[in-house]
Amino acid sequence: MARKQRDVMSVEWVKLELLRTAYATRGGLLSRRDPRIVLGWYLVFAVVPWLTHNITTLAVLFGLTAVAVLVSRVGPLILGLFVIGLVLESTYLLLLAWLFDGDITTVLSLVTLTLKLGTISLASMAAFVSLDPEKLSDALISLRAPALLSFGVSYGYRMLPILMTEFHTIVNGFRLRSAPLERRGILGWRAVVRLSTTLVQAFYPMMLNTAKRTRTTVEALETRGFTFAGESRLGRDLRLAYLRVGAADVVLLVVTLVLVAAAFVTGAQVPLFAQAR
Amino acid sequence: MPAVIEVRDLTFRYPGAEVDSLVGVDLTIERGDFVAVVGGNGSGKTTLCKTFNGLIPHFWSGEMLGSVHVGGTDTHESSVAALSHQVGYVYQDFGNQLVRPTVRDDVAFGPINFGLTDHAERTEQAMAQLGIEHLASTFVWQLSGGQEHLTALAGVLAMRPEVIVVDEPVAELDPVRAEETYRMLAQVNAEQGTTIVVIEHHAEFIARYARSVVLMAQGAPRWHLPVREALSRAEELAEHGIPAPQVVQAVQALAPEAPVPLTVEEAVTALAGSGVLTGSGVVTGSSAPAEPRATSSRGPAVARLEGVTHGYRDVHGHLSTVLDDLSLTLHEGERIAVVGSNGAGKSTLLRLLTGLDVPRVGEVEVEGISTRSTSAARLADHVCYLYQHPEQMFLQDSVRQDIAMFPQQRRRPGTAELVEEILDRLRLREVADRDGRTLSGGQQRRATLGIALAMTPALLLLDEPTSSLDVGTRRDVTAMLAALAERIRCVAVATHDMHLVAEWASRVVVLHGGRVLADTTPAELFDDPDLMAAVHLVPPQVSVLGRALGIHPPPLSVAELTARVTQPVAAGVR
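Chains A and B, in that order, are what the protein sequence lines are.
Counting in the working numbering, the first sequence runs from 67 upward without gaps.
Counting in the working numbering, the second sequence runs from 15 upward without gaps.
Derived from the structure by calculation, the hints contain no laboratory data.
Where is the CB? At the ideal position from N, CA and C, for every residue including glycine.
Treat the hints with care, as some may be off.
[Claimed, not checked] Derived Cβ-Cβ restraints for the label pairs, each shown as a range:
hint	chain 1	residue 1	chain 2	residue 2	range
1	A	Ala314	B	Thr131	27 to 33 angstroms
2	B	Thr470	A	Thr276	30 to 36 angstroms
3	B	Arg426	A	Gln71	28 to 34 angstroms
4	A	Val321	B	His330	26 to 32 angstroms
5	B	Gly382	A	Leu165	55 to 61 angstroms
6	A	Thr276	B	Leu79	54 to 60 angstroms
7	A	Arg249	B	Arg443	37 to 43 angstroms
8	A	Val266	B	Leu79	46 to 52 angstroms
9	A	Thr276	B	Gly38	35 to 41 angstroms
All chains should be modelled from the sequences, with the hints used to inform the complete structure.
Rendered as structure tokens:
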């Protein structure tokens, strides 16, 4: 089979997709809002599903977050992984239920759990694809998270692309310098084993290279006042001066709450429970 | 001029170290000076500079005796935070100094941390001063090396320090970008009177930009002299691993009484004044280059690129074309230098030859095998690619295992003997059991060359093999590349290093805008200033000097220049 350069479903594409997700390059409805409001919005959908067993309510909530995912422009990679995960999990739960003589109640209980987890996953996708690293770390500072956490978040984002490139380079090194596989084995099991061992082996040189780099970073942080900022309020106030909750942010929260309330009202009118109460 | 930094009787030892890194240092740096700190590896240059901003003794708490005063403050009584308002530091691996996601955010990091209310103004001003405003919202991982360096410098400028220390700017930058950094530093120095301290190996930059030179040896300054006087001590500098600029060497060889030149123009004046050039009319075009390297009859093809177009998608989904309908054949016995400005497609070209990527359009063949028809792993029997950063090649626990990895995995007979032979040949025996990452820059390059030799490829590709090496080690690597010829059919190097091109290459391929702009020899390349300017390359000083003296094609080394200038003169005298 002749090799070709591909733009999707290649390693390069996965790297770009991860970056697009992490750095909110696609824009979208939530990315224009104040980051604290976005975190609040996320919290609503992370908590509310646990407050009910009503499948109708949960289905409406699931629908709401699904719409949020669409307007937040979540990329195909993350969305695809989510859908595959959801489908696989449902299939295997259904199979198990059928194997162990379950009835419709079992299935409905499983649907309840799947809907809850699905809603939360969709909400996290919508929220975190809309928060770029600066906004996220500033929101954390403003919500009085420890300075080290918020810095860690922004530094982690900054290192992500470097680590991905480095890891890819090292994996390529292993590919080139190991012997090519003579046979791929049944279902390509040899190829899978080779890939897995390479991924693990490549981790060690990458970590060592990274550790060597961070020495400069630690010194630079010291000279650039990171420790000083931890002890004084001045820097914090300056950094957060641009964060402002506007009318649109309030509207977003109000609309969200109204919709969530609507979900509960609908649920009360058309109740559907896994187990009769 | 009042002193901005005063070091008195300073001795320092890193915690756990066996010997003192600094021994009885006495040094005064005047306000507004542009100082170059030079010296061999391990002479204490970097350690000295870290005492200026208080990292020593506050961050590195070793044993410190003596005192350092910066702007009248004793650093011992002060803190790193307070001193960072006075002294800014740009690291050698400046990329790791950037800690925030975007350029503007990173430049503002210092001022915001210190709670300076005019941080926005300082940030904009620093970026404007270095001409990087257009990058303000760019993510730092999208920057090129040169842009990263300017961003790191802007982060330092935004603090408006009295002193800026820059550690080896040329090490990680190509010459044109390094030149830009130096012009910026000179501008800041002239406009704001900021004192600049650079740690530097490259005498050409010192000659053109510095006003005084500190030579460090064994943990103490040997002397601190004005630049012209410092460079006249060419032999002493060469002993410490800093060969004098080529113009200085040339003038000292041809006209020893003339004043030490700092630029090519001064060298021309010096030579003209001394009467060496009386016979220069005879020189023009008359004598052939001392050592003609270009072979007119080309060997059989080793690799071929045919109508290759390739490009990458960026994070916004745009496709940028890097190579555009490029065709090129690499022949047996050639030493090819691929040159061109950043982003001209040098690395992409090499990657396509390894088969790691296949081109979007066109064909790439190595020893008659199309890269589309086989995997990169199988192609590795024919091609070897050495990355720009050697540490990315160290996959095993020791240098010996790294060298043995390829032949061992492929069960090639005679692996053990081959590895031992390579270790001896590349002088790696003492470090054979160490992890490659712990070696010095030059040793790392040798180790990666060892990995390549063990692969016994037909085609060897190297990406910037001499970057971030000091001048002595660079020579070493160049010599080693020349010695590879007997084992490897063809070697191609992507490089910015015009000294490597001059000393080693037999063929130069100039890439520009994704195409081959010129396919020529080093001497002809350096004889074409328009071409050099178009692709942002700086020829070796000696070639420029040769051209200025009317020698065509220009000489590639100082020895060649002196030979070609003196012969006709001697004949004229007789």
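Do the beta carbons of B/Thr470 and A/Thr276 sit within 30 to 36 angstroms of each other? holds, 32 angstroms
Does the Cβ pair A/Thr276, B/Leu79 satisfy 54 to 60 angstroms? Violated, since A/Thr276 and B/Leu79 (Cβ atoms, about 36 angstroms apart) do not stay within the stated range.
If I claimed the Cβ atoms of A/Val321 and B/His330 lie 26 to 32 angstroms apart, would that claim hold in this structure? holds, 30 angstroms
If I claimed the Cβ atoms of A/Ala314 and B/Thr131 lie 27 to 33 angstroms apart, would that claim hold in this structure? holds, 28 angstroms
Is the gap between the beta carbons of A/Arg249 and B/Arg443 within 37 to 43 angstroms? holds, 39 angstroms
Honestly, do B/Arg426 and A/Gln71 meet the 28 to 34 angstroms range at C-beta? For B/Arg426 and A/Gln71 the Cβ distance comes to about 32 angstroms; the hint holds.
A/Val266 and B/Leu79, beta-carbon distance inside 46 to 52 angstroms? Because 49 angstroms falls inside the window, the suggested range holds.
Quick one: are B/Gly382 and A/Leu165 within 55 to 61 angstroms, going by C-beta? holds, 57 angstroms
Outcome of range test on Cβ distance (A/Thr276, B/Gly38; 35 to 41 angstroms): holds, 38 angstroms
Violated hints amount to a single one, hint 6; each of the other numbered hints is respected by the structure.
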